[in-house]
Amino acid sequence: MNQSEESETQLRSGYENDPKGPLASIQLLSGEPRRKLDARFRWLCVTIAAISVLVLIGLLGSILLQGVPSLSLKLLTSGPEPDPSEAGIRPAIFGTLWVCSLCALFTLPIGVATAILLEEYQPRNRYGRFIYSVIQLNISNLAGVPSVVYGLLGLTAFVSMFGLFGSRTSQGGGGLEIGVRYYDQFFSEGMRSILVPVSDPSQSVSKPVDGMQGIDTSGNPVALKVISIGDPLPIGDELQYTLFDDAEAGRITKKSWYHFSLPLGRGVLTGALTLMLVILPVIIISSQEALRAVPSSLRDGALGLGSTPWQVVWHVTLPSAMPGILTGAILAMSRAIGETAPILIIAGIVYISRAPQNLMDDFTVMPLQIFNWISRPQEEFHSLAAAGIILLLGILLSFNALAVLIRQKLHKPLS
Amino acid sequence: MPDPTTLAQDAAIDLRPRDGRKTHFAHTRDQASEPTSLAIRVRDLNAWYGDFQALHSISLDIPANRVSALIGPSGCGKSTLLRWFNRMNDTIASAHARGAAHLGETDLLARSTDVVDLRRRIGIVFQRPNPFPKSIFDNVAFGPRMHMKLSRTELQEVVEWALRKAAVWDEVKDRLASPALGLSGGQQQRLCIARAIAVGPEVLLMDEPCSALDPASTLAVEDLIFELRRQYTIVIVTHNMQQAARCSDQTAFFYEGRLIEVGATTTVFTKPKQQQTEDYVSGKFG
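Here the protein sequences come in this chain order: F and Y.
Just so it is clear: in the first sequence, position 164 is 164 by our numbering, and no numbers are missing.
Just so it is clear: in the second sequence, position 207 is 207 by our numbering, and no numbers are missing.
Hint data in this document are derived by calculation from the structure and do not stem from the laboratory.
Among these hints, one or two may not hold up.
[As the list claims (entries may be wrong)] From chain F, some residues computed to sit far from chain Y (all C-beta separations above 10 Å):
no., residue
1, D38
2, L59
3, V196
4, D231
5, P295
6, D300
7, L305
8, Q311
9, V313
10, V316
11, P319
[To be verified] Label pairs and their computed distance ranges (CB to CB):
no., chain 1, residue 1, chain 2, residue 2, range
12, F, P146, Y, Q53, 49 to 55 Å
13, F, S140, Y, G182, 36 to 42 Å
14, F, Y132, Y, A100, 50 to 56 Å
The structure presented is a predicted model; accordingly, all values stated were derived computationally and were not measured.
By construction, the Cβ of each residue, glycine as well, lies at the ideal position given by its N, Cα and C atoms.
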């Protein structure tokens, strides 16, 4: 005890006259090991970066090798025919464009509005803050939920809508529908197609009745003549509207462009809404980050001039945050374009031969078509799938390029 | 009582008069001849951030069309008081205040007060110049566009008037469409003053308006304050003793959330009543 105190005093007095103080007697570390470690770390980083780039190049190279022979105009113009030499991806391209545009249309306003609420309209009291923190926690958690879970959610929330509006029957009807008409189609003995309008699609397909009103292929109203087996066939024009009484009809539907139904069913709209659920948390979080990055001095400046909170958001915060918000939106949309699992649950793997015609129309998307082709045994389909991947990457890159252009245009006049 | 000249030398205050000014103290020129009315009346104001009490029972009169300087060491509550005048403290969730503060008939502290209109009447200029990332013209037109219905020519007129008042017109008139962030710090700060003037405020609050500026820009902004002092009620928070002496008519000294002394600037700087004030203005602490 006593000794240590003594030595301390000794030390202190020892460097009293030296301007370097205690540092005078201390040896400096050699710089060599530090520099070596630095160089090693640098090499490690370069190697890892090179590996990731090489892997990417390898992937792209193999896709290009496999896919380029199948890249042709036919790929863009025809549907997924069973013959690989005839098959194309046109319906899926349109499906992807429809679903992703709709998805962006829904997600951007909702996501940005939520971010604005959470960042710019923070409550002052304790309960409000608690509610906000719960919402925030949920959004952060939702961003990490696997997308297939959203697919299942979409199935109950949008496809069947919890059964609130009834369910579809196999021949159509059920639920609420607008913009669709149902017909029973007969083929007359004169080989004419005659459509009989159906008033209640939940009823089973109608049986031929003499004098039944129908429409022929050119849209003229006609009355059906029904004969039994053994009756003489009429001659001339009358034959075209004559049916045997055991003739079978088929139910067909004519949907207009504004066709809409509840529950939403497995259409484009459901696909877009489900993808919205997948990317909404991502967009909200990235928009929040962008808003948070706006210096608060700008908000204060606008508030100090007598702006309402909304004017601050609209004229100052949002314009400044727009490039960041758009960057987040681009990333989220890239994810949406490539998303397969939720769409697989919503749309299933079905043969779709044409582009969607309305919001309720069945659809398929490019990743799903690619998935479908890859799962076939024939080599030709694998090549088609690779060509589809090239197309998908092309669409993705052009989307991103467009967004980058928009972002730069927005950013330029400001600073 | 210390001799004023010695005191000033001790505090390294520049007592040499500047161009066009008779003395180094702004108020001595015509203060005596003009009776002043009251702009802001503060009575027994207490303010808190959460549990921390930032202001203790402040009672203070801010005369109209005069420059009042709030001085004191960092954390003494002078900025807090300033930010309560136009309710900028509303943006801080934990800030609350009790007491009375009035601008004319308007209660500055009431929850029911229309803060949007209040902030139009009481403009504020911040420590760091904070022009919006917009053009010079749009910066000044920002306020008028929100509060007034103006034709294009009227708006141009207002913008030019405000920029002239803020003594920055000659420097920016040829590049009104270029970004405000391209201006120098001093120009930006005068632009912010123009932006505040453009909505027609009665009171201008300035929260250390020169602390982020170089000496030349500081001089320009001080000259501007000197020019504006008969048309606006100006309350300026400053750390710079010379600035308070040069620009203000009235000086209030704050220490640890309390108002220690308030009076005519000459009196506070040359014949302070309180020992603490004397120590502070003579540079013994702070």
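Hint by hint, here is what the structure shows:
no.	hint	in the structure
1	D38	holds, 37 Å
2	L59	holds, 41 Å
3	V196	holds, 64 Å
4	D231	holds, 84 Å
5	P295	violated, 8 Å
6	D300	violated, 6 Å
7	L305	violated, 4 Å
8	Q311	violated, 6 Å
9	V313	holds, 13 Å
10	V316	violated, 6 Å
11	P319	violated, 7 Å
12	P146(F) / Q53(Y): 49 to 55 Å	holds, 51 Å
13	S140(F) / G182(Y): 36 to 42 Å	holds, 39 Å
14	Y132(F) / A100(Y): 50 to 56 Å	violated, 33 Å
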